[in-house]
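Chemist: Listed below, chain by chain, are the residues.
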Amino acid sequence: MSSDTGSGDSGGKFDKARRNFLRGLGIGAATVAQPAWGGQTFQDAFADFFQKDYRRMSADEIEAALGRIERKAQDRYGVEIDCQNTPPQPGVVYGYAINISRCKGYRDCVHACVKENNLGRDSQVQYIRVLEMDQGDFNLEHSDHYYDPETVPVEGKHYMPVQCMQCDDPPCVKACPVEATWMEPDGIVVVDYDWCIGCRYCMAACPYWARHFNWTDPEIPAEEMNTNTHYLGNRPRPRGVVEKCHFCIHRSRKGQQPACMEACPTGARIFGNLLDPDSEIRYVLANKQVFRLKEDLGTEPKFWYFSD
Amino acid sequence: MIGDRGESMSPGKTATNRKRPRTAQAAVVNPGVVTVGTVWAGLAACALCVFWLSARAQEPAEAPAPLRFEGYPGAPSVSVVPRKSELFFYPCEQCHAAMEPDPTIRTLDTMHDGEIEHGRGRIWCLSCHDLENRNYLKTLLNEPVDFDEAHLVCGGCHANRHKDWYFGAHGKRVANWQGERTLYNCTHCHNPHSPAIKARAPKPAPPVRAGLTLEPGIEHEKSAIWETQKEHEAE
Chain A
1 MSSDTGSGDS
11 GGKFDKARRN
21 FLRGLGIGAA
31 TVAQPAWGGQ
41 TFQDAFADFF
51 QKDYRRMSAD
61 EIEAALGRIE
71 RKAQDRYGVE
81 IDCQNTPPQP
91 GVVYGYAINI
101 SRCKGYRDCV
111 HACVKENNLG
121 RDSQVQYIRV
131 LEMDQGDFNL
141 EHSDHYYDPE
151 TVPVEGKHYM
161 PVQCMQCDDP
171 PCVKACPVEA
181 TWMEPDGIVV
191 VDYDWCIGCR
201 YCMAACPYWA
211 RHFNWTDPEI
221 PAEEMNTNTH
231 YLGNRPRPRG
241 VVEKCHFCIH
251 RSRKGQQPAC
261 MEACPTGARI
271 FGNLLDPDSE
281 IRYVLANKQV
291 FRLKEDLGTE
301 PKFWYFSD
Chain B
1 MIGDRGESMS
11 PGKTATNRKR
21 PRTAQAAVVN
31 PGVVTVGTVW
41 AGLAACALCV
51 FWLSARAQEP
61 AEAPAPLRFE
71 GYPGAPSVSV
81 VPRKSELFFY
91 PCEQCHAAME
101 PDPTIRTLDT
111 MHDGEIEHGR
121 GRIWCLSCHD
131 LENRNYLKTL
141 LNEPVDFDEA
151 HLVCGGCHAN
161 RHKDWYFGAH
171 GKRVANWQGE
181 RTLYNCTHCH
191 NPHSPAIKAR
201 APKPAPPVRA
211 GLTLEPGIEH
221 EKSAIWETQK
231 EHEAE
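As you go down the protein sequences, you meet chains A and B in turn.
Its first residue numbered 1, the first sequence is counted upward by one per residue in the numbering used here.
Its first residue numbered 1, the second sequence is counted upward by one per residue in the numbering used here.
FYI, nobody ran anything at the bench for these hints, they're computed from the structure.
Yeah, the Cβ is synthetic: ideal placement off N, Cα and C, and Gly gets one too.
Honestly, I wouldn't trust all of these hints.
Unchecked claim - Subject to a maximum C-alpha distance of 27 angstroms in a straight line, what follows is the list of computed DSSO-like cross-link-like pairs (lysine-lysine): (1) A:K174 / A:K52; (2) B:K84 / B:K198; (3) B:K163 / B:K198; (4) B:K203 / A:K157; (5) A:K115 / B:K203; (6) B:K198 / A:K115; (7) A:K157 / A:K294; (8) B:K163 / B:K84; (9) A:K254 / A:K115; (10) B:K84 / A:K288; (11) A:K288 / B:K163; (12) A:K157 / A:K288; (13) A:K174 / A:K294; (14) A:K157 / B:K198.
Claimed, not checked - Covered stretches of chain A, going by a simulated chain B footprint (3 or more residues, C-beta under 8 angstroms): (15) 106 to 113; (16) 144 to 153.
Claimed, not checked - Short derived list, chain B residues pointing at chain A, Cβ under 10 angstroms: (17) N176; (18) I197; (19) V208.
Looking at chain A on its own, in the form it has when it is part of the complex:
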């Protein structure tokens, strides 16, 4: 108690910090006050303001929103992107499996994901984390995803990539106060970035640290921009919203592999349709000893791990 009341002793240090904080706040407010998108026409800004939740928009309204997104990207990055609204395929629910005995910790998936999803190259947002753990240890709290040795795999370590588990009973969706995130019919949990208010409740609700808040505008060289985008996926996002892995919705809905799977040099990643009994993922589920991360939480992840 006495140390609390005696704050006058250490007051000098903390006052300075407080002053700096307030100064930062002022500068921050000045920055935020400028239009985050820059160079927007009044019409577009007006339509953006009154844009509805994705699920309540008519086809025409979605089409108009896609046009606005493309124009914004042109203003912001000088790149002509193609923003689509590919619908889910009927009779498809996506599932993912990772063979952790094949994963060598190269991080090729992480960097393919950053590139595919137009994430800022120096931002702290990365959808995939590859955890390094001691062999025989499966305590995630002892894992390290900042490992950086000369070569991987390191003797006595094993690697485990973690990303959005696309839960079938997603706690993040329940936590969202504005229904800006939901599960699509093909099982992908998506975010309407224009409807998200950035409250980050979903981040707190997610047990997998799979959701990320974008504090900054991504810095991407124009020639590295991925122009193949989807409204619910990797389109340019406004600053200050929550984003996450979406199984590369713009690719998977067209039958292509997610970027992380295509980049994996060891073939540790297996992706497919859970409803198709002949798919690779179903073979893995039927024939391998699979487990899910934090299965006891009852979130029903559609993301399995196995080793053989």
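Knowing the structure of chain A, use the given hints to seat chain B on it.
Modeler: Below, chain B without anything else, positioned relative to chain A:
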């Protein structure tokens, strides 16, 4: 399942396969090597010749006879990414047609040098390469197998992996999850002479999150922001 013995491959067919006439083109190689004196120059000339010849090499007219192996029950039909175009020395007959086959077990020092790390000394070249049909591999039943179908040779010993590969639990599928299955061959990822995947450098680590420091020797828990704050208060 392995099919019945001798069902799909007739002995007559095998005989014609094994006595394929050697090409006249390849015979040119050897005199070139002999006339040049030193080993190194010989090797260089030989490599050049092989390169030149392989560039204009014709596909062998005959395809190998179908194998007794008829696939795993219920396995999906897959197509395999071709491999021959990536082989530097292929077709092997360009040199080997003019050489006497020598089945004695030995370590090779010219052209195909290097230890065979595969099998820890239990296998050697002719365990997988066909002695008679130089352009082919062979199964344990001495059936010739095309280099593009190398997985059939690997599957002879590694049947569990081979089955997983067919069904999609091992190996790597090309480009799509839906539609036609195209798979990389075993030899695309595993060097058949040294199959273990080599360690290599990882891609850069993610940037450290704000409020955390990652100096060597500092425990992760200790570098959490509330821990450093406690240390400040203690001072």
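Chemist: Run every hint past the structure and note whether it holds.
Modeler: For each hint, the structure was consulted:
{"no.": "1", "hint": "A:K174 / A:K52", "verdict": "holds, 20 angstroms"}
{"no.": "2", "hint": "B:K84 / B:K198", "verdict": "holds, 23 angstroms"}
{"no.": "3", "hint": "B:K163 / B:K198", "verdict": "holds, 24 angstroms"}
{"no.": "4", "hint": "B:K203 / A:K157", "verdict": "holds, 17 angstroms"}
{"no.": "5", "hint": "A:K115 / B:K203", "verdict": "holds, 13 angstroms"}
{"no.": "6", "hint": "B:K198 / A:K115", "verdict": "holds, 26 angstroms"}
{"no.": "7", "hint": "A:K157 / A:K294", "verdict": "holds, 21 angstroms"}
{"no.": "8", "hint": "B:K163 / B:K84", "verdict": "holds, 23 angstroms"}
{"no.": "9", "hint": "A:K254 / A:K115", "verdict": "holds, 19 angstroms"}
{"no.": "10", "hint": "B:K84 / A:K288", "verdict": "violated, 33 angstroms"}
{"no.": "11", "hint": "A:K288 / B:K163", "verdict": "holds, 13 angstroms"}
{"no.": "12", "hint": "A:K157 / A:K288", "verdict": "holds, 22 angstroms"}
{"no.": "13", "hint": "A:K174 / A:K294", "verdict": "holds, 18 angstroms"}
{"no.": "14", "hint": "A:K157 / B:K198", "verdict": "holds, 15 angstroms"}
{"no.": "15", "hint": "106 to 113", "verdict": "holds (count 5)"}
{"no.": "16", "hint": "144 to 153", "verdict": "holds (count 10)"}
{"no.": "17", "hint": "N176", "verdict": "holds, 5 angstroms"}
{"no.": "18", "hint": "I197", "verdict": "holds, 7 angstroms"}
{"no.": "19", "hint": "V208", "verdict": "holds, 7 angstroms"}
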